[in-house]
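*Asks:* Residues per chain are reported as follows:
2 protein chains.
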Amino acid sequence: MSAPALHIRVDTRERGTIISRLEQNEGVSLEFVELEVGDYILPNGVAIERKSATDLILSVVDGSLWEKVDKLKQISTKVIYIVEGDIYTARFHQQALDIHRALAHMVIRENIAVLPSSDAGNSAMLVYLMGLAAHELTPAE
Amino acid sequence: MSAPALHIRVDTRERGTIISRLEQNEGVSLEFVELEVGDYILPNGVAIERKSATDLILSVVDGSLWEKVDKLKQISTKVIYIVEGDIYTARFHQQALDIHRALAHMVIRENIAVLPSSDAGNSAMLVYLMGLAAHELTPAE
Chain P
1 MSAPALHIRV
11 DTRERGTIIS
21 RLEQNEGVSL
31 EFVELEVGDY
41 ILPNGVAIER
51 KSATDLILSV
61 VDGSLWEKVD
71 KLKQISTKVI
81 YIVEGDIYTA
91 RFHQQALDIH
101 RALAHMVIRE
111 NIAVLPSSDA
121 GNSAMLVYLM
131 GLAAHELTPA
141 E
Chain L
1001 MSAPALHIRV
1011 DTRERGTIIS
1021 RLEQNEGVSL
1031 EFVELEVGDY
1041 ILPNGVAIER
1051 KSATDLILSV
1061 VDGSLWEKVD
1071 KLKQISTKVI
1081 YIVEGDIYTA
1091 RFHQQALDIH
1101 RALAHMVIRE
1111 NIAVLPSSDA
1121 GNSAMLVYLM
1131 GLAAHELTPA
1141 E
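Order-wise, the sequence lines are chains P and L.
Under this note's numbering, think of the first position of the first sequence as 1, with each following residue one higher.
Under this note's numbering, think of the first position of the second sequence as 1001, with each following residue one higher.
Treat the hints loosely; a few may be bogus.
[As the list claims (entries may be wrong)] Taking lysine-lysine and the DSSO-like style, the derived pairs with C-alpha atoms no more than 30 Å apart in a straight line are:
#1 LYS73(P) / LYS1068(L)
#2 LYS68(P) / LYS1073(L)
#3 LYS1071(L) / LYS73(P)
#4 LYS1073(L) / LYS71(P)
#5 LYS73(P) / LYS1073(L)
These are calculated hints, taken from the structure and not from any lab test.
Sequences and hints are given; from them, build the entire structure.
*Replies:* Shown next, in the form of structure tokens:
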């Protein structure tokens, strides 16, 4: 049984382990484009933004997260944030309330899923499997 | 400025740190009930299921996750899984693909958010802030 064909649009700034791992999956074709927002565009308009925990926290602190979220929602049917690393590390203790409030707002108000990931290889597996799941969505969903 | 009143229904099996921390927040009232599914019911029908990473993984392996998800979706407008601990630990290496596939399915197909949490105190903060965010939802959302 062969794996289903899966077409993923990838931002040109995405490189390294995650790309080589994604390419190892049978049936995957990657199209590299300069995406204005998002890092991976899966079938049926599902957009994935991949961030390190540190970058996510910094974008909460400087407020740039919400502009990005607005743009992502405009171009997609569903937005997923994959966050690599620990968002609850002690060094950001002073911003803890802000981080938690941002996560709550993203999930409840913006209907965005936030998925933890341990590293790039792990993220590749998540992108691939979410791609397969998104492929099965009907365009109306 | 006083905090807004926030009513949360809590399953009677929830105890310990998370409850004492939740009760510390001004304006929070907890109503303990035997919930058939879910651990916290926030305003406007938002349901929270709180699981340890180990329990989530076991529920993927034995398949009980999907029955729970079905029931949660029936009683709520939105379902959030708070997962305490690391779902990517090496000891579940053999189930890694199953775990990733389950996460992908939950997020893409079931529209469920999966939020990582480090511990019960952290989960309390997430429940409280998601409660405030859910409180601001209009019932139509």
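*Asks:* State for each hint whether it applies.
*Replies:* Outcome of the hint check:
Taking the CA atoms of LYS73(P) and LYS1068(L), the gap is near 29 Å; set against the 30 Å cutoff, the hint holds. Under the criterion of a C-alpha separation no larger than 30 Å, the hint pairing LYS68(P) with LYS1073(L) is consistent with the structure, at around 29 Å. Under the criterion of a C-alpha separation no larger than 30 Å, the hint pairing LYS1071(L) with LYS73(P) is consistent with the structure, at around 28 Å. Our distance criterion of 30 Å between C-alpha atoms is met by LYS1073(L) and LYS71(P), whose separation comes to about 28 Å.
With a C-alpha separation of about 23 Å, the suggested pairing of LYS73(P) with LYS1073(L) holds against the 30 Å cut-off.
Going through the hint list in order, the structure satisfies each hint without exception.
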